[in-house]
Structure formats: C-alpha cells, structure tokens
Amino acid sequence: MKKLTLLAMVLLISAISYAGGYRIALQGQKQLAMGHTGVAVINSSELVFFNPAGLTYLDKKFTVSLGANAVFANISFQNEQYGWHTEDNNSVSTPFNVYAAYKINDWASVGLGVYTPYGSSVEYPTDWEGSHLINDISLSAIFFQPTLSIKLHDKLSIGGGPIFATGSVNFNRNIDRSTTDVNGNRSNVTIDDSGITAWGYNIGMMFRPTEKFTLGVDYRSKIDMNAEDGDADFQNLPSAVAGQYQSVAFDASLPLPAELSVGASYTINEKWLVAFDYNRVYWNAYEALDVIFSNGTESLNPRNYKNSSVYRLGVQYKATPRFILRGGYYFDESPVRSGYFAPETPRNDSNNFTGGFTFKISDRFALDASFLYVHFDEVDESYNYYQENGQNVPFGGTYKNNAFVPGLGITYGF
Amino acid sequence: MKKLLYISLAAITFTACQPEFNDPVNEQDFYTNGDADFSNYVSVGNSLTAGFADNALYLKAQQNSYPAIMAGQFGLAGGGDFIQPLVDGNLGGLLNGGQIISGTRLVLQIDAEGNRAPVSLEGTPTTDITNHLDGPFNNMGIPGAKSFHLLAPGYGNIAGVENRNANPYFVRIASSTDATVIGDAVAQDPTFFSLWIGSNDILSYASQGGDGEDQTGNTDPTTYGYNDITDPNVFASVYNEELKALTSTGAKGVVANVPEVTSIAYFTTVPYNAIPLDTQTAEALNQAYAPYNAGLQQVQAIGLITAEEAAQRTIQFSAGQNPVVLLDEDLTDLTTVNPALTNMRQATEEDLIPLPVSSVLGTLADPDNPQSVIGVGVPLNDAQVLTITEQTHVSTAQTAYNTTIKALADQYDLAFVDVNAILKQLANGGVPFDGGTITADFGTGGAFSLDGVHLTQRGYAVVANAFIDAINKKYNATVPKVNPGNYPTIFVK
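Chains as they are written, first to last, in the UniProt record's numbering: chain L, 1 to 414; chain F, 1 to 493.
Some clues are possibly wrong.
[To be verified] Ranges between beta-carbon positions, derived for each pair:
{"id": "1", "chain 1": "F", "residue 1": "N96", "chain 2": "L", "residue 2": "S247", "range": "56 to 62 Å"}
{"id": "2", "chain 1": "F", "residue 1": "V119", "chain 2": "L", "residue 2": "D380", "range": "44 to 50 Å"}
{"id": "3", "chain 1": "F", "residue 1": "G250", "chain 2": "L", "residue 2": "D380", "range": "38 to 44 Å"}
{"id": "4", "chain 1": "L", "residue 1": "D231", "chain 2": "F", "residue 2": "P367", "range": "48 to 54 Å"}
{"id": "5", "chain 1": "F", "residue 1": "D189", "chain 2": "L", "residue 2": "D231", "range": "28 to 34 Å"}
{"id": "6", "chain 1": "L", "residue 1": "N304", "chain 2": "F", "residue 2": "R116", "range": "36 to 42 Å"}
{"id": "7", "chain 1": "L", "residue 1": "N183", "chain 2": "F", "residue 2": "A319", "range": "56 to 62 Å"}
{"id": "8", "chain 1": "F", "residue 1": "K493", "chain 2": "L", "residue 2": "N351", "range": "21 to 27 Å"}
Just so you know, the hints here were simulated from the structure itself, not pulled from any lab data. Glycine included, every Cβ here is placed at the ideal spot set by N, Cα and C.
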C-alpha cells in the first residue's frame, strides 16, 4: 500500500494531457481498451466515473482499480506562405485514476474515485512563430468523487456523488509578435496558479431490461475553475514599462464542461460483450480565455467552442478464464470552430483506435493494460482573433497531430 | 527505476512517430530555386547590407540583416549556411586597440513624463577591430562603404583607419591588408550574390547638409573627401567592374538601386518651420533683424542682388510656427560689402533639416546669451541644412547611378530590386502588413531605426521581401517571403 501511495504521489505531480479541447478521456484501463465505452458496462469500479449507478450491480464485495497512462502527444505545424515548420517538444504526461467500490448490502454500494478528466500539456519551442499565442501550457485538474449507488429494483439503479475538483494552470506566451527588451529578448508572461478548487457532481442511472442487455445514462456537471489572484510573471519587458508589471496578479476562469453520456451494452454470450456509448460535451461553456491582470490590463482571447459529440464502440472477449481481450474505436468531434484554431489545443476531429487486455494474476489481483492511438487528419486552420493595433492578425497554417497512449493498471477485489 | 526506463523507451519510440505532412514545406522541392543556385550566397554592400541599425552594428540586428533573412528563406530552396561577421553582443560600437572609434547604439528613452528621446546605451563597446576574424563571411556588407571602396586595395588595412583611408568594419574581416571587398567576396566562389551599393556615394554629402563637394566631372576618387558626391562616371565604371567580378564565377545574382534621400526619416522628421513663437517674441526678433533686412534693400538698390533674392533673404517672424534661420552658401556673398550681411535666409518647405539638428535646434549657442537661440538668433550653418540646390546635386547623381544600375542589371542579366520605390512607398502611405501599415515616420512608423537612416529589423524584412520577389520573378523560383510583423522595430530602454 505504501508503494501505491508513493506512485499516486508521483503521478499527482506530473501534468496531464489529451483529447478534444482539453478533455482527457482516459478514465480507466479496462474501459479505455473498449473505446472508452462504459456507461452501460458492468465491469469494475471504473463505473464510479462512467456510471455510478452501476456499482450496485458489481459481483464483488470490494474492488479497487488503479492505473495510469503515458500520453505521448505530437503536434506538427507548418505554414506554406512563410515556410514555417515547427514541431512541439513532445512533452509526456501521465494522467491517472483510482477507483474503489464497496458493497454495503444487496441494494447499496459506496465508491470513491480520483481521476483526471481535464488537462493539457503542450510545449512549443520558445519564441516559435506562434509564440504570441502560446509557448507552453500545463493545465491539470484532479477530481475526487465519493459515490453512492442504490439498486431501486433488480432492473433499475441510480447513483451519484459530489465532485471536488482541484486544479492548476501554468501558461506562458510572448506578449506580442515583436516586443523585446533592449537586448532583443522577447517580452513574455507566465500565469501560474494552483490549488484552484471547485465543486460539481456526477449522477447516473442504469436499466437492465434483460440479463444480457444494459442501458445507461450519466451526467457530469460543468465545473468552473476560477483562478483568483494567481501570479503573473512578466519577463524581458522594456525597462520603461517593467515597473507597471511588477508583482502583478491575475484572475481567469476556465470551464470544465458538462458531459452527458448514454449507452448500451449487450452480452452476446459467455465470451463476447459489445458496448456503444454516445457522449455530448457541452463545450459552448468555453467562450473565452480572458485573463484580467491586477494592474488594469487584460488579455481577451475568444474561444467560442461549440458542443461536440463522441461516438464510441467497444468489444470484450473472454479468451480464457484468466485472459480477457478488449478492443474499440471512437470518433471524437472537435469542439473548435473554424477560425478559432488556437495552437494550445490545435486539434480537429479524430479517429481513435483502442485495445487492451486483463490478465488475472490470482483470484484477487488482475493486471489491466490498454493502448490508444489517436489519429488526426492534417488540417488547414487559423486563429483569427489575436489583435495588434486594434486589428485582427490571423495565425495559422497546417496542423497535424497524433498521440500514442499506453496504459497500465491493477485491479484488486474480493 | 524500471518504470522510468520503460517510459523513456516508450518516449523514444512514440516521439519518433511525429506526424508527417502529406506535403512538408521543409522537404526538397516544396519550394524551388528555379534557375538560381542558392547553395553559396554572398551579399555585398554597405551598412544596409550589414544589418546596421540605431547608429551601430549590433548582434540582433545583424541576425536579422536583410541578407540573413533572405538566406534563411533560401534555406527552404537549397540554400546553404550564411555566416556573418557577428559583433560582440547588443551594445554596439567599435574599439581600435581599446580606443572607442564608434559609439553604442541608440535606444528610445521614455522618461517619467512620457517624453521620448533616442539616447545612446551606456557602456563601453567590446568589439575590437584588432581582434581579426577569419572568414570567409557570406555577408560582405561593410558599413560606410561607397561604390568605389569595394574595389579599393588597402580598404581593410588597419594602418589606414586613423586617417579614414580604411574601414574598421572591413579591417575586422579582410583576408589581407591589401584585400578588396569584392575580391574577398569572389574568392568564396559564390553561386548567388546580391549587390546593394551606392547610397553612401550621395548620403555622406546629404547627411552633412551638403557640406562636401559634388565631384561630378572628377574621375579620380582617391582625391575625394568622404562627404563628397561620387562622380556618376566613376560610379558606372566601378559598378561594372564589380558585377564583372561577381559574375566571373558563373554566379547569378540580384542588384538594388539607390533610394532617394528625401524618402528617409533622417531628412523628413525635423520640420522647416520648427520655431514656435508668440507675438511679443516675434516682434522683438523682427526688430533685431531689421538692420539685416534694411541692408538687403540697400544692396538690392545698387543692383548687387535681385529683388527676388532680397525677398528670399528677408527675415520675418510672426506668432505661430516660424521657419528656421539658416546660412546658405549658394546665396550671393555680400560680406565684402557689409560684414553684417551674412548668407542668411529663412528655411522654406523645400529645405531639409537632418535629424541630429533636432537636438541643438532651439537651444542656446552661448548659454549666457538669451539672443543666441540656434535656428533663430543664430542661423543653422551649411552642414545643418540640405538646401534645394544641394538636393539637386544629390538627386542628379542618384538618378544617374540608378540609370547605371538598371542598365547593368539588364546587361548582366540579373534580378533587379527597385528599393527606391519601396522606400518612397514607406514615406508616402506605407507598406501594409498583417498588423497594420509600416511607414517611414520617425519613431512610430516601424521602418526606420532611431538613427533615421538605417532600417529597423522590420524595415529590413520589407526589403528582404522585395529582393525575394525580384529573385523569384527573374529566376522562376518560389522562395517564400517572411512576415514583417514578426520582426521588431525600435527598442525601448
């Protein structure tokens, strides 16, 4: 257990990344391997995230799963007009999750989840062509969710719990395209805040019309992360203005949008299970990334995201009593509108391929492994709302992304 | 520990999977060099080619000299390395054996009241010309060079620096004491060259308010003073020799013409009527100048000057903005008749006042004499004004040079850049870019650095784009241009 705590702490320190916008859909090795379906899959304590209502249908008295993923995300950028070509610095991030469920009695279960559904970690070469929009960003949010699941009927259950979210942000960019100090070092600003906290909730309902067929619905609320009085560190300003930018604080707000999931699973036979999920992510909450500085200046950055959908498909095959194979696919719509393609989340629609397995080491222990490959077609896009001298100065070109996400987890239960 | 190892191994594997574009801009054949070969590009010229700005040569400006910008873009179309004789840091200035021979760069100082003024950076230059750099250098832009200097042996001999027979910037990099700039350029066997030379052949005269001589008709440049105008025939002859040498290795290239001085901020910033007066002061001044005006009437009456000249020379102030008083050597000399009748007149719209004069204009020539306000009680001297007569000398020579440059560009079948037109556009409306308009307005327009003569890095980016346009057109190449918005302008202290 000590080792686990240590591991969890290591993971807590490292930043997060990945998915449409800054959503990271990596909430469990077993379900990720099945295309991140799960709102109607009764598999493990990962239900704390996917659908709290399902906990009560788990066989085991107690089960805990913990896992982590390593996200290797790559961004390539080029612009034909000027011959620009830039690759990001390939930062690796490690989102993680821990879920536990305990069956109190036949009709009630409790659970606890710690997971990281939002975040972003992107690092471009300093002073690259788009450095007036971003040099690097690291966003992370950790959700803590105590959960109660109640079986209303053999065929119907409900569940849910409050979410306590804690997050941090660190974002650096140059203040414009050309201002430097007297030695030619680009003027830039880092905004940094941590320990931002907020509350939300996750509720779900599960319906089992037959032994083989399960339907589920889950809703996770929007959570607004309000950074107040964070540090804004201006560097390399001309000394004539540097005085006005010393010890500056900032306020900013970043919404972690609500998500509605509906889905179904069908147990074809003892070996095969198939699942479908549909997610609707209410990204229209993300209207702008506005940073208000305590010296009266501000940085207004329209984002104008739109709601987006994710379509998921997963299968599970029990090859032997010890070995379970999983596979899946999902299509993830980008919430970014044309013309709002900012390089901090330069992602268009993606095709995602998943796979994985569970190997039962003993009656109580199992090893879960997953792999996700995210494929983006290249896209010609721009961000048109950066302003200089009161006029919009578009920044764009061709972006191409991919990501490779291996994951490992351990499940313990009895 | 093992976990870290696995993550590292995975990192190596997966980051090798950087997404590849269908048509990557940094792969061969995306951009084409056409009929040109950019593999060994050598630029030849003066301070403008060196990346000189803010009255100094300093590192960041060199790194964004227009040839360096071009070479960066050539790199996408088969271009090779571009090595420049970089100076030591961003302070600017030069030493010769520890003695300062050129001052630090200008930066804009904004004081607590918001007043803006260019000031030289504090500090001692650290680039010493006795510290010789071994070339070759792709950028052979030598600040201060005139057309004929590029062919002058000994122009890089340190012994000649003190009496201005040699150039300290060439001393730093010359391959030998009797080397020539062109010789050192050709010795690199360039596959492509640029030549932008000739500005100093008129600018040194113009910037000193026409204090030198117009040497038109004198074909021996060794007899010229530095502030003289180069004879157009000398210019044509040396320019031809230079192109003959630069093309001798089969290199293709690009040449640029000479901008007219009236389009540069150095001459367009200080207004001719820079003297604000109230009624009382104007009347007092008119009384003070009454004897001079009366004297003019007398000499006109006896026919020594025309009525027109008498009117031109009459000094008259009124409330509001008043033209400065200046000495004009082209007026009739009357001091033999009456020593008080100096060659004074008031400036007209056509007179150009060099930028540095702004720092003395309106100050007292004699701190103890309130009547000695420079430009009012004390006239500006010949070196402080470029009169219309002097401008004619300058523009006549410039027109002749540009006729030569265009003709020789055609003769040698080279790409040609009408930089004169670009600078005129900057001075008349400006050059649009994605963040607004770049103009020649001093301190705010973005094109001119704080010395008013040399360009900012953004201004040099505009020039580089003009070169690239001309090269693409002439040689059927597709070298991409740069975005001037990504280049800095003036630097605030």
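Evaluation of the provided hints:
no.	hint	result
1	F:N96 with L:S247: 56 to 62 Å	violated, 46 Å
2	F:V119 with L:D380: 44 to 50 Å	holds, 46 Å
3	F:G250 with L:D380: 38 to 44 Å	holds, 40 Å
4	L:D231 with F:P367: 48 to 54 Å	holds, 51 Å
5	F:D189 with L:D231: 28 to 34 Å	violated, 56 Å
6	L:N304 with F:R116: 36 to 42 Å	holds, 38 Å
7	L:N183 with F:A319: 56 to 62 Å	violated, 47 Å
8	F:K493 with L:N351: 21 to 27 Å	violated, 53 Å
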